[in-house]
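Undergrad: Each chain, letter by letter, is given below.
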Amino acid sequence: MGPVSRLIVWVCLAGAAEAGHIRGTVVIEKKLTRRTVTASAGAYQRGMGVDPGPPPAADPLAFERSHVAIYLEGPPTAASGGANQIAASIAQTHREFEPDLVVIPAGSTVSFPNFDPIFHNVFSLSKPKSFDLGNYPQGETRMVTFAKPGIVFVNCRLHPNMAASIVVSPTRWVAKADSEGRFDLSGVPAGEYTVVAWHKSAGFFRQRVTVSEQQAAEVRFLIPLLGNATAQPAAAR
Amino acid sequence: MRLGARTFLWSFVPVALLLTGSFWTVQRLVVREVRQEFRASVRETQSSLARMRSAAEQRNRRILKVVAENPALKNGLQLALQRRGDAEARRTLEDQLMEMGEELGFEVLSISDAVGKPLAGAMREGGAWTRFDPGATPLPREGYFTAGGKTYQASSATVDLADENLGTLTVGERFELSSLPVAAILTREGKIVESHGVEESRADLQSQLAHCSPGAECEARLASGTYLFASMEAAPPEAEEAEAGAGLPAGAAGPGKQTAAYQLCSVVNLDSAARPIQAMLRNSFSIASVLALVGTMILSGVSSRSIVRPISEVVARLRESEATGELPDFQANGSGRAGGVQEIRELRDSFARAATAVRESRERLRQASIEFIQSLASALDARDPYTAGHSRRVSQYACAIARSMKLPPKELEEVRVGALLHDIGKIGVADSILQKPDRLSEEEHRLIKEHPSIGRRILDGVQGLQPYLGVVELHHENWDGSGYPHGLRSEETPLAARIVKIADAYDAMTSDRPYRRGMPHEEALAVIAKFAGTQMDPNVVQVFLQLGRQEDELGAVLDPRDSLHRLAEAVGFSNGAAPVAGRELTGKEKS
Chain L
-15 MGPVSRLIVW VCLAGAAEAG HIRGTVVIEK KLTRRTVTAS AGAYQRGMGV
35 DPGPPPAADP LAFERSHVAI YLEGPPTAAS GGANQIAASI AQTHREFEPD
85 LVVIPAGSTV SFPNFDPIFH NVFSLSKPKS FDLGNYPQGE TRMVTFAKPG
135 IVFVNCRLHP NMAASIVVSP TRWVAKADSE GRFDLSGVPA GEYTVVAWHK
185 SAGFFRQRVT VSEQQAAEVR FLIPLLGNAT AQPAAAR
Chain C
952 MRLGARTFLW SFVPVALLLT GSFWTVQRLV VREVRQEFRA SVRETQSSLA
1002 RMRSAAEQRN RRILKVVAEN PALKNGLQLA LQRRGDAEAR RTLEDQLMEM
1052 GEELGFEVLS ISDAVGKPLA GAMREGGAWT RFDPGATPLP REGYFTAGGK
1102 TYQASSATVD LADENLGTLT VGERFELSSL PVAAILTREG KIVESHGVEE
1152 SRADLQSQLA HCSPGAECEA RLASGTYLFA SMEAAPPEAE EAEAGAGLPA
1202 GAAGPGKQTA AYQLCSVVNL DSAARPIQAM LRNSFSIASV LALVGTMILS
1252 GVSSRSIVRP ISEVVARLRE SEATGELPDF QANGSGRAGG VQEIRELRDS
1302 FARAATAVRE SRERLRQASI EFIQSLASAL DARDPYTAGH SRRVSQYACA
1352 IARSMKLPPK ELEEVRVGAL LHDIGKIGVA DSILQKPDRL SEEEHRLIKE
1402 HPSIGRRILD GVQGLQPYLG VVELHHENWD GSGYPHGLRS EETPLAARIV
1452 KIADAYDAMT SDRPYRRGMP HEEALAVIAK FAGTQMDPNV VQVFLQLGRQ
1502 EDELGAVLDP RDSLHRLAEA VGFSNGAAPV AGRELTGKEK S
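Top to bottom, those sequences are chains L and C.
Under this note's numbering, the first residue of the first sequence carries the number -15, and numbering increases by one thereafter.
Under this note's numbering, the first residue of the second sequence carries the number 952, and numbering increases by one thereafter.
A hint or two may mislead.
What the hints assert, rightly or not - Non-contacting residues of chain C with respect to chain L, defined by C-beta distances greater than 12 Å in every case (computed):
#1 A991
#2 S1005
#3 E1151
#4 A1212
#5 L1269
#6 L1298
#7 T1307
#8 G1432
Said to hold, decoys possible - Where chain L lies over chain C, by a calculated footprint (3+ residues, C-beta under 8 Å):
#9 1022 to 1028
#10 1038 to 1048
Stated by the list, open to error - Negatives, chain L to chain C, calculated, CB over 12 Å:
#11 K14
#12 E82
#13 F115
Calculated directly from the structure, the hints in this document are not laboratory data.
Beta carbons are placed, not taken as given, at the ideal position from N, Cα and C, and that holds for glycine.
Next up, chain L with everything else stripped away, as it sits in the complex:
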């Protein structure tokens, strides 16, 4: 945890910066996702699942950290940020969605270009936005606009292994943690907010934060929240 503690020190020192700024860290100490990879020919036996092991030269925790979406839930006044739509893109290459996680403010449009020499069929059945782009071949791009906030899971009808998540934020302040877990939300007006971190496997994590113009607010997420009361409602019942 050397880098993490160093990071905390760094965050503390950099406290007196710009007003309306939230700096945060995501700490993940445990693998959350079990990634399945199709085994190479000859290495498999029929009917047996194969654990490919950690991808070479990649920190599995870094993968987890870079798959955490961050956005702000604020006072209703702050939520009206309609002018902040962005255009995101999820490409289909090598039978995978690239990237497989995007965070967008509500009202943004995501394009789905197909770069594979085969058909793909992008669809979603999620509540905030369900859609089916149909089969389309290489070179074609289809778009979807997400008006309602929420989580939208995207899949391909032809390739069940393909999956992507789109986090539609109610506010315009969105971010993705980098491989070291750092994130940065700037330009946030002073006020009371809730910082939401979302991980596909771990779920939602919220922290109240007060943003002032003098000082950057600091947030630290420990995913999953070990020893947290929310982790044991079933046991309390």
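For this one, chain L is given, so just place chain C on it according to the hints.
TA: Positioned in the frame of chain L, the structure of chain C alone reads:
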């Protein structure tokens, strides 16, 4: 052949033959039974293998059904159906198939539409996936097919969306005969495509297989033994077939039928498989039969010995008696043997009876001949009153001498009988000469001198008298060779004849003659002593003189002849009759 060998052979050979034959037969029977049993177990194994295989295939079909329920595949199939001829759509489907194959471990996959028209295919070659054109190589729905020089086993499942049949998914797995636990061959229309674990050449197998009806169990005799071919295909369950057929229009049945040409047979060499058991059986049977043979041999030996021993004992006794001339007396120790076999006992008894009879008759014969000799001697003596009893007396004297010389009984007998007969030749001499009271002329002397030769001639022809011829012929030979008829010297003359000569001389001197009276005993002894070394054997003379002196010393005895008689009797000589004095005999004969 000896009886022992014969008994042994007759008891051993038939039993040995019988034993060997029965062992051989039993061994054959057991081996056949084992073979039969083995065949049954092989059959059982084959059929259970076939069942297992069909069960595995059934399971495979079920798995494939689940695979065919893959919605992605259905989407892909729908896409391909919607855009027939579109390369990208086909590639999408191929890609799906490849991934499926990669995940599930199939080597060949193909998908066809509802009417059996192929849409896409994928095949793994050397670890990499390639396109596979199912239009060029149509896959059978079930069974075996060859692609790229390899044999595959195919199975199929229909891809349905609700009630609509979208198509058929066919997968092929690499089929290797070597993966089977038994030797097997795969044939296509009677031709062997692949074989595994069979040493025989394919051509041989093929020619034999031609006689076998496909699908049925079949036995074929090849160079290396008898092979059992058994189909390893269990008949596909009717329900399955019906279901598959129902969901499929007529077209799909075509390739299905084609697979019937393939036939998978397990091959078992019954001979080589049964060989260890057979060898074991053969070994144990050989050991048992050898033991039995040895046992029989010992038994035969013992029994033949037990049969032959008493006989050989008897034979040995008989042979011994043949050599010695003594008749065996079985009675004496025959009864002593308690364990004698009855037949042998009877044999021995009858031998004993015969021997007794022979002995008796021989005794009688001897008796008769002795009587005959005595009567001859008496007849001779009767011719001349002066020589009456001469032969008997000479015999007695001679016997006395021989006895004191300790001659063996045989020679004693020779002396006794020889002395009795010694003057028998005088029968051939005219009475006028013999009884002539005057001195004999030259011519008469010559005639007298012939009596030993005449005696010999007379007795020559009589059986049983040969031993006594020497005495009869040579009792006038002298020690110095001056005697007659041959002039033999010293020991050339038999001892018996020399003894008889002395006895004769003594009796002649002491007897009365028409022309002179008999000499007294001492005088006669003196005369005989004088002749020792010239006419008579000095040794015998010495013995005789000793006898005579002994007599003298006794004193009481007046008549030397009587004393000699008594001496003879005292020594134990017996002529079988009551002691008869010379004078009495003479008197009797006179009357």
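Undergrad: State for each hint whether it applies.
TA: Do the hints match the structure? See the list:
no.: 1; hint: A991; result: 36 Å, holds
no.: 2; hint: S1005; result: 19 Å, holds
no.: 3; hint: E1151; result: 34 Å, holds
no.: 4; hint: A1212; result: 27 Å, holds
no.: 5; hint: L1269; result: 97 Å, holds
no.: 6; hint: L1298; result: 94 Å, holds
no.: 7; hint: T1307; result: 108 Å, holds
no.: 8; hint: G1432; result: 134 Å, holds
no.: 9; hint: 1022 to 1028; result: holds (count 4)
no.: 10; hint: 1038 to 1048; result: holds (count 6)
no.: 11; hint: K14; result: 28 Å, holds
no.: 12; hint: E82; result: 17 Å, holds
no.: 13; hint: F115; result: 16 Å, holds
Taken one by one, the earlier hints all hold for this structure without exception.
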